[in-house]
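**Q** Spelled out from the first residue to the last, the chains are:
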Amino acid sequence: MKTMPGFIKGFRQIYFWLCPDEDRHYLVGDFDEIFHTLSAEQGTVKAGIWYMAQCLSTLPEILIHQWRWRFSMIKNYFKIALRQMQRHIGYSLINIIGLSMGLAACMLIFFWIQYQFSYDTFHENYNDIQWLRCYQQYGERRVDGWGIPPIVSEALEAEYPEVLESARFMNGQPEALFTIGEKKIKTEFQMADPSIFHVFTYPWVRGNQEDLTDDPFIMVLSETMAARFFDDKDPIGETVRMDDAHDFKVVGVMKDSPSNSTRKFDVWTPLSFIEKVHDPNFLQTWYNCSFRAYLLMQPGFDFEAFNEKIFDRIRESDPTTNLDAFIFPFKDVYIKTYGTDEEIRMLSIICGLILLVACINYMNLATARSVRRAREVGMRKVSGAHRNQIIRQFFGESVFLSLLATLIAIGLTILLLPGFNNLAEEEIPYAMVFNPQTMLVLLGLLIVTGLLAGSYPALLLSNFKPIQVLKNNVDRGKSGAAFRRILVVFQFSISIILIIGTLVTLQQTRFLQNKDLGFSKDQLVYVPLQGSIQNNRAPYKQALLDHPGILHATASSHNPTAVYWNGSGWAWEGKDPNDDPLVTYIFIDEDFANTFELEILDGEFYNANTITSETAGVINKRFADYLEQDDVLGARIWQGDRSFHVIGVVKDFHFSPATREIGPMIIAPAEDNRSMRYLFLKIDAEDMQNAIEHMKEVTHKMNPNFPFEFHFLDEDYAEMYHGMERMAHIYQLFAILAILISALGLAGLAAFMAERRIKEIGIRRVLGAKVGGIIAMMLKGQLGLVLLSSLVAWPLAYLYLKNWLADFPYRINLAATPFLVSTAMALLLAVLSVLYQSIKAAYSNPAQSLKHE
Amino acid sequence: MKYLTRKEELVLLAIFRMESHAYLVNIREYLNRHTNKKWTIGNVYVPLNRMSKIGFLESSIGEPNAKRGGKAIKYYRLTQLGYDALLEIKKVNDVMWDGFDTMAFEE
Chain A
1 MKTMPGFIKG FRQIYFWLCP DEDRHYLVGD FDEIFHTLSA EQGTVKAGIW
51 YMAQCLSTLP EILIHQWRWR FSMIKNYFKI ALRQMQRHIG YSLINIIGLS
101 MGLAACMLIF FWIQYQFSYD TFHENYNDIQ WLRCYQQYGE RRVDGWGIPP
151 IVSEALEAEY PEVLESARFM NGQPEALFTI GEKKIKTEFQ MADPSIFHVF
201 TYPWVRGNQE DLTDDPFIMV LSETMAARFF DDKDPIGETV RMDDAHDFKV
251 VGVMKDSPSN STRKFDVWTP LSFIEKVHDP NFLQTWYNCS FRAYLLMQPG
301 FDFEAFNEKI FDRIRESDPT TNLDAFIFPF KDVYIKTYGT DEEIRMLSII
351 CGLILLVACI NYMNLATARS VRRAREVGMR KVSGAHRNQI IRQFFGESVF
401 LSLLATLIAI GLTILLLPGF NNLAEEEIPY AMVFNPQTML VLLGLLIVTG
451 LLAGSYPALL LSNFKPIQVL KNNVDRGKSG AAFRRILVVF QFSISIILII
501 GTLVTLQQTR FLQNKDLGFS KDQLVYVPLQ GSIQNNRAPY KQALLDHPGI
551 LHATASSHNP TAVYWNGSGW AWEGKDPNDD PLVTYIFIDE DFANTFELEI
601 LDGEFYNANT ITSETAGVIN KRFADYLEQD DVLGARIWQG DRSFHVIGVV
651 KDFHFSPATR EIGPMIIAPA EDNRSMRYLF LKIDAEDMQN AIEHMKEVTH
701 KMNPNFPFEF HFLDEDYAEM YHGMERMAHI YQLFAILAIL ISALGLAGLA
751 AFMAERRIKE IGIRRVLGAK VGGIIAMMLK GQLGLVLLSS LVAWPLAYLY
801 LKNWLADFPY RINLAATPFL VSTAMALLLA VLSVLYQSIK AAYSNPAQSL
851 KHE
Chain B
854 MKYLTRKEEL VLLAIFRMES HAYLVNIREY LNRHTNKKWT IGNVYVPLNR
904 MSKIGFLESS IGEPNAKRGG KAIKYYRLTQ LGYDALLEIK KVNDVMWDGF
954 DTMAFEE
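The listed protein sequences derive, respectively, from chains A and B. Throughout the first sequence, residue numbering follows this note's numbering, covering 1 to 853 in sequence. Throughout the second sequence, residue numbering follows this note's numbering, covering 854 to 960 in sequence.
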């Protein structure tokens, strides 16, 4: 007898798996027999062909036949499931609503996460773009810098073949006044290399991208900006005048950058324009870190090796520098450097917890009411159902229910998406609901939910002994009662933890917003110093102060919301050589302390005389502590050839978000007019309107080429913790959802308990129990569970939040309030959800409830 | 009630005619020979399985052998129910077919 060829054996095995259990051995045997007969008569090849052809033509027939038999059973399960839902519509609704709320929450979170990951992916090369950054070495301390000197990327492009192209952006987008014919528009513009249009994807709708030249006086506008500048006119070839000084020719109009982009701009001008206008060597330095550089790399280059090669590149050309270059994948920028990964982690955990809470509802209600299904299970078992079949039936039911819930959840998500976008301040498109990836995740979610929710009921119900069940001998609804209580406690613990977390996050945000900054930010208004008022600061300031409503005025290099000029290498007598603090400096004039109401701790602030001295310096308390000298006044501090003697110490004030610790600071007189960029004015609250009118008049007169603008400082502060507040609101939404779902489940359980104890209550009533007493009895059990949940939740929440708060240098103390409030909330919701059923049960007529037995 | 399908009827008849040791392979051969049609294994198996479930056929397990890859044979035999079903079909057929060849086909 000839042996079978290998590939036929493969067919044989597949066939064996697919055939119906009871006959697979005989069928395979029959096949083998015919095969061997055929191969003896006509050769193995022909027999092999026959075998395959037979398999292919026979399998569908057998499979369809097999499924027709199974289907009749599935039809029965389906019918029973529908009848159960119809008969107990209340419970089914609770189950479905709970599940669909949970699923909708998960979908929103999933969209949000997916949207975060979609950031910057619209750039066709986003996988091959690397962000060139550098470490700044300060003594022992290394800071990951965001910027890089301008020449580095060009040098790397010339030296390494794996760098295909490089592109630089100027840090930040300055504002300028653009004149188009009669129209004057003030807006921000981005200076960058023309190569950004190759490295990144900013598709043009007008103009020819191929014709882009190195001309420093060209401009590209976004569609929106082109419409603002030119209305309906074709902007190509038109001239735009910047700050009344430079003429730019518009060469292209690009599509607006999508909202999920980290590099957005509306007006592009070449970087080389600065070299033409200000400093011809501006782009040739090895030290000015004001640039963001990106490299388009050869696909598949060696990331680690390249990083090693370029590490010393800056020091090679400029041995005095403290910068070391490295690259960072552009695709990770949004997730890893914007703090998004932490938010994604938090929300993923919350998503899982909410789903769990919703599944527990289903488990609890299904098992609580299992006694109603017990007879059905008994009957099925007696008629020969295997335990596995019963398990499959109940899993099928939960999956079916979660399918319904998923459909509702899709509808809910569509309804909620605009509101959620509003809350999260994203522009998640509706299209995301229907993309294949979402559908796949949804299917996965559906199956996981179905299996998770169905697991416990299926195992519990399939375990019933038919003989006991049919003799009406089940422990009426008690099966798994203890486990159900544990699950309820678990649910409420999760909800309470989420609520405590939200409350504390909000509290910490409020704390930061209202924190004493060390100066008074009220009634402070500022005007940007630009154009002619920047150079004629003193007369402008004097003209403003002429109005009685303007109390003080001071010029400053920075807005105190963010003073970002800093440097190391400061020295003083007796300095520990291993210690090299980063010192922040701000340039001001002599009225700074008055205007900001700074508290002078020691010595004095600048006056009209000392402000012109090149060696007088005022430092903050933190720096004074650093000096560790008995008498700080008169102490000399120096950096390179710059040297100060301390004439005063001011109380520490916040010059960056209060999420960062106050560091040492030097408050110094301005070196030149150009570094003074803001004029801060203290305004009399009584006379606010007139003062602002006056400001407007004076500014118009003295600075006619710029539109008048002013800002309230406290509005900047309100904006500062906006991101944190936004996340806190998102957490809040989901925490509330979690507790609502839990309460919904508790309401279902209460209804079940009331139904089960209706006779007991009837008897109690007949024997003289009061309605109030019965309601109290019904409430007691559930409220006990919520209190127990609090006991579980408090320590966990406390530990987590203590840890979370430890990252903030200025933080609230964990008070009892959020803990008590969250428990009170849970208790209130629990009472509300249980109360109705309890009252209904307590008022039920004993004659009715005791009538049947 | 539902009548047997034509396929089922033929399979039952084949088993009836073969009297003993009817199993999938020789039932298929028998049908191939007498109906002048190619029967696939599935064509034969599906009616066999269905009629076993209804109770028209009973089966017994034979010995495995090397030619069958070490798998046993499943033999089928007609039951009383199966016999009755065939009988019923035959009666219907007799009535319906009666005199067919003597009738003239009129345009």
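Simulated from the structure, these hints should not be mistaken for lab results. Watch out, some of these pointers could steer you wrong.
Stated by the list, open to error - To give a feel for the contact side, a few chain A residues facing chain B, derived at Cβ under 10 Å: (1) PHE7; (2) ILE14; (3) ARG70; (4) PHE71; (5) MET73; (6) ILE74; (7) LEU417; (8) ASN421; (9) ASN422; (10) LEU423; (11) GLU425; (12) GLU426; (13) HIS729.
Said to hold, decoys possible - Derived DEER-like restraints, expressed as beta-carbon distance ranges: (14) ALA919/B / SER57/A: 56 to 64 Å; (15) HIS386/A / PHE953/B: 20 to 28 Å; (16) ILE914/B / PRO60/A: 55 to 63 Å; (17) LEU934/B / ALA847/A: 54 to 62 Å; (18) PHE434/A / LEU934/B: 29 to 37 Å; (19) TRP67/A / VAL948/B: 31 to 39 Å; (20) LEU934/B / LEU18/A: 52 to 60 Å; (21) LEU18/A / LYS944/B: 34 to 42 Å.
Claimed, not checked - With a straight-line cut-off of 30 Å between C-alpha atoms, the simulated BS3-like cross-links for lysine-lysine are: (22) LYS696/A / LYS186/A; (23) LYS890/B / LYS9/A; (24) LYS46/A / LYS924/B; (25) LYS891/B / LYS46/A; (26) LYS46/A / LYS920/B; (27) LYS9/A / LYS944/B; (28) LYS75/A / LYS183/A; (29) LYS696/A / LYS75/A; (30) LYS9/A / LYS891/B; (31) LYS381/A / LYS943/B; (32) LYS79/A / LYS465/A; (33) LYS46/A / LYS906/B; (34) LYS75/A / LYS860/B; (35) LYS46/A / LYS944/B; (36) LYS621/A / LYS802/A; (37) LYS46/A / LYS927/B; (38) LYS233/A / LYS249/A; (39) LYS759/A / LYS696/A; (40) LYS891/B / LYS944/B.
No residue lacks a Cβ here, since even glycine has one placed at the ideal position from N, Cα and C.
**Q** Can you list which hints this structure breaks, lowest number first?
**A** Result: hints 1, 2, 3, 4, 5, 6, 7, 8, 9, 10, 11, 12, 13, 14, 15, 16, 18, 20, 27, 28, 29, 31, 33, 35, 39 break, sorted rising.
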